[in-house]
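Sequences are here, hints too, so could you generate the full structure?
In case you want the letters, here they are:
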Amino acid sequence: MSMEIPYTVEARPDTGLTNGKLGIWLFLASEVMLFGALFASYVMLRVGAPEWPRGSTYLNIPLATLNTVILISSSVTMVLAWASLVKRDFSRFRLFMGITILCGLGFLVVKYFEYTAKFHHGYFPATNTFLAIYFTLTGLHGLHVIGGMAVNSYLWGPGSALWKTDPTHFTNRVENSGLFWHLVDLVWIFLFPVLYLL
Amino acid sequence: MSESHDHKDAQDGHGDVDRHVRAAYFVFGSLLVLTAFTVGAYFLHLPLRAAITLALLIATVKGTLVAAWFMHLVSERKMIYWMLGLTAVLFLPLLLLPTLTVLDRVMLR
Numbered sequence: 001m002s003m004e005i006p007y008t009v010e011a012r013p014d015t016g017l018t019n020g021k022l023g024i025w026l027f028l029a030s031e032v033m034l035f036g037a038l039f040a041s042y043v044m045l046r047v048g049a050p051e052w053p054r055g056s057t058y059l060n061i062p063l064a065t066l067n068t069v070i071l072i073s074s075s076v077t078m079v080l081a082w083a084s085l086v087k088r089d090f091s092r093f094r095l096f097m098g099i100t101i102l103c104g105l106g107f108l109v110v111k112y113f114e115y116t117a118k119f120h121h122g123y124f125p126a127t128n129t130f131l132a133i134y135f136t137l138t139g140l141h142g143l144h145v146i147g148g149m150a151v152n153s154y155l156w157g158p159g160s161a162l163w164k165t166d167p168t169h170f171t172n173r174v175e176n177s178g179l180f181w182h183l184v185d186l187v188w189i190f191l192f193p194v195l196y197l198l
Numbered sequence: 001m002s003e004s005h006d007h008k009d010a011q012d013g014h015g016d017v018d019r020h021v022r023a024a025y026f027v028f029g030s031l032l033v034l035t036a037f038t039v040g041a042y043f044l045h046l047p048l049r050a051a052i053t054l055a056l057l058i059a060t061v062k063g064t065l066v067a068a069w070f071m072h073l074v075s076e077r078k079m080i081y082w083m084l085g086l087t088a089v090l091f092l093p094l095l096l097l098p099t100l101t102v103l104d105r106v107m108l109r
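Protein chains in written order, with the working numbering: chain A, 1 to 198; chain B, 1 to 109.
Quick caveat, the hints were computed from the structure, so don't treat them as lab data.
Hints are not guaranteed to be accurate.
[Stated by the list, open to error] In the DSBU-like style, the derived pairs of lysine-lysine whose C-alpha atoms are separated by at most 35 Å in a straight line are:
no., chain 1, residue 1, chain 2, residue 2
1, A, K87, B, K78
2, B, K78, A, K164
3, A, K164, A, K87
See the structure below:
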């Protein structure tokens with residue numbers, strides 16, 4: 001007996017949304033609260049500290065700027081991947097989703113170089129409060145990048161089999177994955193100036 | 001355009017999605033320019049309060065562009081707006097209440 005999840009393609013009459021879309025937005029709302037709590041912690045720690053270093057004292061602004069450009073670019077390719085599916089062009093979807101995944105990988109590689117440079121200089125989360133909140137916020141954000149890449153890679157690879165049997169359902173899945181990816185971009189847009197430039 | 005149930009319409013005409021793609025390119029360009037402004041403002045070495053205000057203002061504009069166009073919030077269902085409105089109502093105290101507890105320190109600076 002098959003137990004199919006309802007309203008994955010058609011919108012639910014009462015919400016006007018597919019279940020997947022409602023679910024991802026609820027999840028994103030919880031993510032806003034998660035990062036909001038950490039931003040509030042940052043404000044408290046910064047205001048309460050007798051001295052607070054400028055981010056550039058410890059951090060590499062050119063690398064962070066590069067990562068900002070990489071994430072913004074990946075958001076555009078994510079939109080193009082979804083748009084390709086709406087236009088029923090699966091090969092272009094594979095291309096743009098592939099670029100999105102590679103951008104995510106590029107972001108992590110840059111982050112790796114940033115982190116290792118810090119460790120090489122003896123800067124660790126325990127070194128001071130600034131570095132503690134820096135590693136906490138960017139580490140959590142990095143985990144989100146990895147999570148988004150995992151879902152996108154699934155949709156690029158084995159998950160794309162759904163395209164053959166139910167293209168609209170697959171398109172909706174890609175849209176929902178894109179919403180998460182854009183939130184990851186949005187969080188970085190605030191992390192970049194707050195941690196690196198102020 | 002973003003509603004899932006509208007996909008079939010978009011697939012028929014492709015007009016909506018083409019407009020969406022054009023908007024995405026425009027937002028992409030805007031985000032790059034605003035990123036350049038953000039970094040450029042850092043090198044102006046503004047006083048801290050002005051630097052914080054300007055950096056957060058630019059970040060808010062960038063975030064709004066991402067949310068509105070990439071996340072399709074310019075044309076979403078009411079249910080999403082209600083949900084995000086409730087999130088905002090809960091988010092603001094989360095952010096502001098802890099800050100209020102140290103307002104005396106903020107005012108001294």
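Tested hints:
Restraint check for K87 (chain A) and K78 (chain B): satisfied, since their Cα atoms lie roughly 26 Å apart, inside the 35 Å limit. Note on K78 (chain B) and K164 (chain A): the hinted pairing holds, with a Cα-Cα distance of about 32 Å set against a maximum of 35 Å. Under the criterion of a C-alpha separation no larger than 35 Å, the hint pairing K164 (chain A) with K87 (chain A) is consistent with the structure, at around 15 Å.
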